[in-house]
Amino acid sequence: MTELIAKINEEVDVEPTELVRMYRSMLRIRHFDGTIKDLFTKDFISGPTHTYIGEEAVAVGAMSMLTRDDYIISTHRGHGHCIAKGGDVKRMMAELLGKATGYCKGKGGSMHIADFDLGILGANGIVAAGLPIAVGAALALQMDGNGRVILAFSGDAATNNGAFHEALNLASVWKLPVVFVCENNLYGITTRITSATAIEDLAIRASSYGMEGVIVDGNDVLAVRRVVGEKVAKARAGGGPTLVECKTYRWFGHVATDPGLYRGIEEIEIWKAKDPIARFRKDLVARGVLTDEQAEAIDQEAAREIEEAIEFGMQSPEPDLDQLLVDIYG
Amino acid sequence: MTELIAKINEEVDVEPTELVRMYRSMLRIRHFDGTIKDLFTKDFISGPTHTYIGEEAVAVGAMSMLTRDDYIISTHRGHGHCIAKGGDVKRMMAELLGKATGYCKGKGGSMHIADFDLGILGANGIVAAGLPIAVGAALALQMDGNGRVILAFSGDAATNNGAFHEALNLASVWKLPVVFVCENNLYGITTRITSATAIEDLAIRASSYGMEGVIVDGNDVLAVRRVVGEKVAKARAGGGPTLVECKTYRWFGHVATDPGLYRGIEEIEIWKAKDPIARFRKDLVARGVLTDEQAEAIDQEAAREIEEAIEFGMQSPEPDLDQLLVDIYG
Amino acid sequence: MKELTYSKAINEALREEMARDSKVLVLGEEVGVPRGGVFGVTQGLEEEFGKSRVRNTPISEMAIAGAAVGASLLGYRPVAEIMYVDFITLAMDQIVNQAAKVRYMFGGKARPSLVIRTQGGVGRGGAAQHSQSLEIWFATIPGLKVAMPATPADAKGMLKAAIRDDNPVIFIEHKKLYATRGMVPEGDHVVPLGKAEVKRQGTAATIVTYSYMVLEALAAAEQLAARGIDVEVVDLRSVNPIDWERVLSSVKKTGKLIAVYEACKTGGLGAEICSRAAEELFDYLDAPVQRVAGLDTPIPYNRKLERAAIPNADQIVAAVDRVL
Amino acid sequence: MKELTYSKAINEALREEMARDSKVLVLGEEVGVPRGGVFGVTQGLEEEFGKSRVRNTPISEMAIAGAAVGASLLGYRPVAEIMYVDFITLAMDQIVNQAAKVRYMFGGKARPSLVIRTQGGVGRGGAAQHSQSLEIWFATIPGLKVAMPATPADAKGMLKAAIRDDNPVIFIEHKKLYATRGMVPEGDHVVPLGKAEVKRQGTAATIVTYSYMVLEALAAAEQLAARGIDVEVVDLRSVNPIDWERVLSSVKKTGKLIAVYEACKTGGLGAEICSRAAEELFDYLDAPVQRVAGLDTPIPYNRKLERAAIPNADQIVAAVDRVL
Ligand SMILES: Cc1ncc(C[n+]2csc(CCOP(=O)(O)OP(=O)(O)O)c2C)c(N)n1
Ligand SMILES: Cc1ncc(C[n+]2csc(CCOP(=O)(O)OP(=O)(O)O)c2C)c(N)n1
Ligand SMILES: [Mg+2]
Ligand SMILES: [Mg+2]
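Chains as they are written, first to last, in my numbering: chain R, 6 to 335; chain C, 6 to 335; chain E, 158 to 481; chain B, 158 to 481.
If you are wondering where the hints come from, they were derived from the structure by calculation, not from laboratory data.
Every clue listed holds true.
Chain B is nowhere near these chain R residues, computed Cβ spacing over 12 Å in every case:
1) 121
2) 150
3) 215
4) 239
5) 303
6) 317
Covered stretches of chain R, as calculated for chain B (at least 3 residues, CB under 8 Å):
7) 51-59
8) 104-112
9) 127-134
10) 163-170
The list that follows gives simulated cross-link-like pairs (lysine-lysine, PhoX-like), each with its CA atoms no further than 20 Å apart:
11) 180(C) <-> 208(B)
12) 208(E) <-> 180(E)
13) 409(E) <-> 356(E)
14) 208(E) <-> 180(R)
15) 352(E) <-> 410(E)
16) 356(E) <-> 333(E)
17) 47(R) <-> 461(B)
18) 42(R) <-> 277(R)
19) 352(B) <-> 410(B)
20) 461(E) <-> 47(C)
21) 461(B) <-> 332(B)
22) 180(E) <-> 317(E)
Beta carbons: idealized from backbone N, C-alpha and C, even for Gly.
Next up, chain R with everything else stripped away, as it sits in the complex (with noise of 0.2 Å):
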């Protein structure tokens, strides 16, 4: 049932504009993430913030296979997600900024960005909770019939939590069209996959629900578009739902005040080294997609950009306080 897709870079289909397209996505969830703790230092944001640092190539490899159409559900880890979907970096620095310009009037902050016209519904401050929320979408698109799909992201610790499981059974004996990503980077805040439950790959328990489940190396973007690429078309022909784990790893803290350093210091450098986007970028440049000079231009547009969004949330009023008691009822 479980199957480990390995180095698959050889033959690569893809135009190169959307590979452009895909490392400049990397880029901005690095650049967007790398100003988290520093803002949090200045006090700009507070609220547990996560940051998506080391992951990009999931989200990005992920949902470069779907439509505008499509949904996703995100997590509490969510900026890279709302990111890879063509979520708007001003909109969202903004909402962490608390401001009236942000994608939640700045009532939500980090844990809560969604972008609805986008299909994105939201990231969850509670964990495997966005899980039974996307069998409920993914129940629609099915009901709808026109072929969309929903990919719900958990990380590796959610999957220990009941809302997994009801949610799992359910989307397979109903076959929607749903993908389960599962990003297991191997810590749930200090806790170790490992000390958390008595198995190492969490593919196998799509098993347990009759469900296909895959494993796939989260920092190769396109082993993660590839393989999530196909189960997505199986959802979208009503082939149901995939479980798919992409192993990967985060290189800060669990938020933006944990320096995570338990670690131990050598796992995170073996991991840093396995850095998806220079891995990516070193790719693009080998197959000749893009020269060293244009690459990096890209990583400095990108840069950038989130200069931009940050003085975009810097100059965004704060909301009224009229909003307070706005939007608890429609």
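Starting from the known structure of chain R, fit chains C, E and B with the ligands onto it as the hints suggest.
Chains C, E and B with the ligands in isolation, oriented as in the chain R frame:
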């Protein structure tokens, strides 16, 4: 991971007295639950009341390898478990009748019978809710360190609940001395397990927790005894938990008032033909453990015991009104 | 008008709304063939609207509620059934942290148009885990609406309103009401949420209540009327939001308030009613507010004890007598 | 006496009780090495008492609570941590249907000697799913005790009492209290559950409150004292059971009641306080009861809005002024 235990009756090294005890226990269950419908119709019993008829081999086989000091946790369909662990049918019946002499002073009813002195941690009106509690009890047993174990019963439908997932995962990662006995009687109320999940064999779910999963013929009391006995021994020795799926069938409806005919007469007849008690009796007679007359006499003794239990219950007083506000806090 | 049981009235609301709007779905344990729910409330729906719109689920309360939330976000109007309100303990995250919060925390973008139907209260021998009245849990959560109709007509009309509402509505039926009968208007009978109704007019005192206790209150009112005492019975119908105007204007008129509810007295909804009246009608109240409520105990199995755990008409009469 | 933070006071209670009784266990997400909980409250316990008695768990709130119930039934005294009270939504069945009910429904046989430690309230930017005050859910459940200490000394003393108690105790800390400091008696300092404490004496009015709001109430009392108005501040400390004697005797004395709580106003615990006073002290109250409470809204992220969602000292002062 999953291993099918077929006929294993060939070489039985169980003492004849023990075989007879088991046979008697199965008959007690059958006669006890045989009275429910009548008592319910006559309005002596109220509330959801579930019979165990057809499944006697599971409770009796599984519990035959426990000592008095071991524990069990039961379900809504709990009469069989209680009797098999040595519960007093008089106090059980008095409880169903809501009497002061009942196991819970008449305050619990069918779904809440417990006898802590016998290690019966209680039936439960909430499906799957006993499983996390069993994990806690097993944690206590592990810390006590004296080799005792707990059997945690659940139905098939219960395995689709989040509580099942969280409990089995935690039991496995902590290597707790618990054996999960799943009574797969093919239905949860009117819903066939195969329309509530996309798998047939629930034992496979053990693999999601790095746990051993085993399937056993739940209508073969000696097979259940052997398999559960093995897994109990493993748990005692620190080998951690096992999920044992017992394939069986409830002869009657979900509750006393349900004829259960949504399952089709034919299916019901097939399973009645696999009567675990008739089969065991035939076996005991064939082996010369009992004569037909002795077997019949035991049957009648069991019936008489239950008559006496009803008599006892009927004669017993109602609880005093002041019991209403007793036992809320301790 | 035609006479229906409470349970058939709910069934009719579901049928009519499913026929009216293809976005209405029904899901839950046992809701489809063969039984239409363990109380038979959804009987016939799968036969009429098909397997796709009427879905039996596994015993997965969290996923049932979550699926309702998710489907609503994509424009559907799911009506999920949780068999007993006691089992809603397993779905609290989806109801309270998700359904009730999505509109607000996403800045107004989400439309959580879902209904969670469930049933509660003391019936016959359900004991501690099948008899609770937990409405205060939802009454205190902004973003949720909570409907607790007492009559077949209100049950039908409020369920129709709930299905058309763009907010999560917790619709709590009462197991002892299912078999009760009453006249129900035919056709598109919609009873707005958040509106109380005076079920009996009077001037001597105001009884504020809801759900099954409306019947006990009306019985008490009859007893009192025989003695020439005319009490007003206000049926809240919705416990979130509460129709303060109607409640307070009645209390203003009578000067006396008796809150009647089946839930445990301490921390129950009647505390909110009495507290609000005490705050806002200090100059109008001419007797202490009264609460006639369930005792602070788990519900016992034995029938005699079970009956003693919850209020009845005699206790309501006694409370009225205390303030007259 | 020594000065400790609220969080260290809790840590000390855990350490002392673990040393005193080998049946005391600690379990929950992140409670062990390296951090001792995301708020550091259980720091050092795993190092001192070992992996067996201090257990990190998976993200399985239902199993955490269930394991605590099960271990308690076999004679242990587990102290389980649920990281945020908002996540307790996932453990409601185990707490409400199991822990709170086992003694009663088994006819007195069970001894559910467990503590669920959690923390709630508005902090800095936690937003709608990390800031709630849900104590009413537990205050209305017979069989549970609920402790909500406001000071380091009470936190230590009440946690020790909770651990020794033979009932399930929901022990709700407040995220804004962790860093607050106060003098804590050394040695076996046990504060009984169910006992309120007058944190400041006065005669002009009675403020009844608990948890973090005690600090706001005391600040308000200071402001009022500067104007010559002496209010009494009653810290409930336990919200189930409630120390009615202390509450009502103070209100009797002052004739004025202001209930202050951070939870949403409607259906919150202050409703119970006001209702009870209105019922039992009709002849003593010489002004309408007042509630100063959280607004009926999910908690927003933006700090300005967040601050506006919950009560503060100025609002308490204004409420006192209204009744004087
Ligand atoms: C139900 C619930 N329990 C606990 C938490 C606290 N918490 C936030 S993130 C997190 C770890 C999640 O780990 P994982 O699922 O692996 O995702 P990652 O953070 O590694 O991306 C925890 C325990 C929560 N938000 N929700
Ligand atoms: C959490 C919960 N959901 C639903 C119910 C209602 N209910 C009682 S028994 C039952 C079916 C259980 O099926 P299974 O686990 O297979 O056990 P069986 O009755 O077949 O022995 C259901 C749905 C319940 N008691 N608890
Ligand atoms: Mg992780
Ligand atoms: Mg079954």
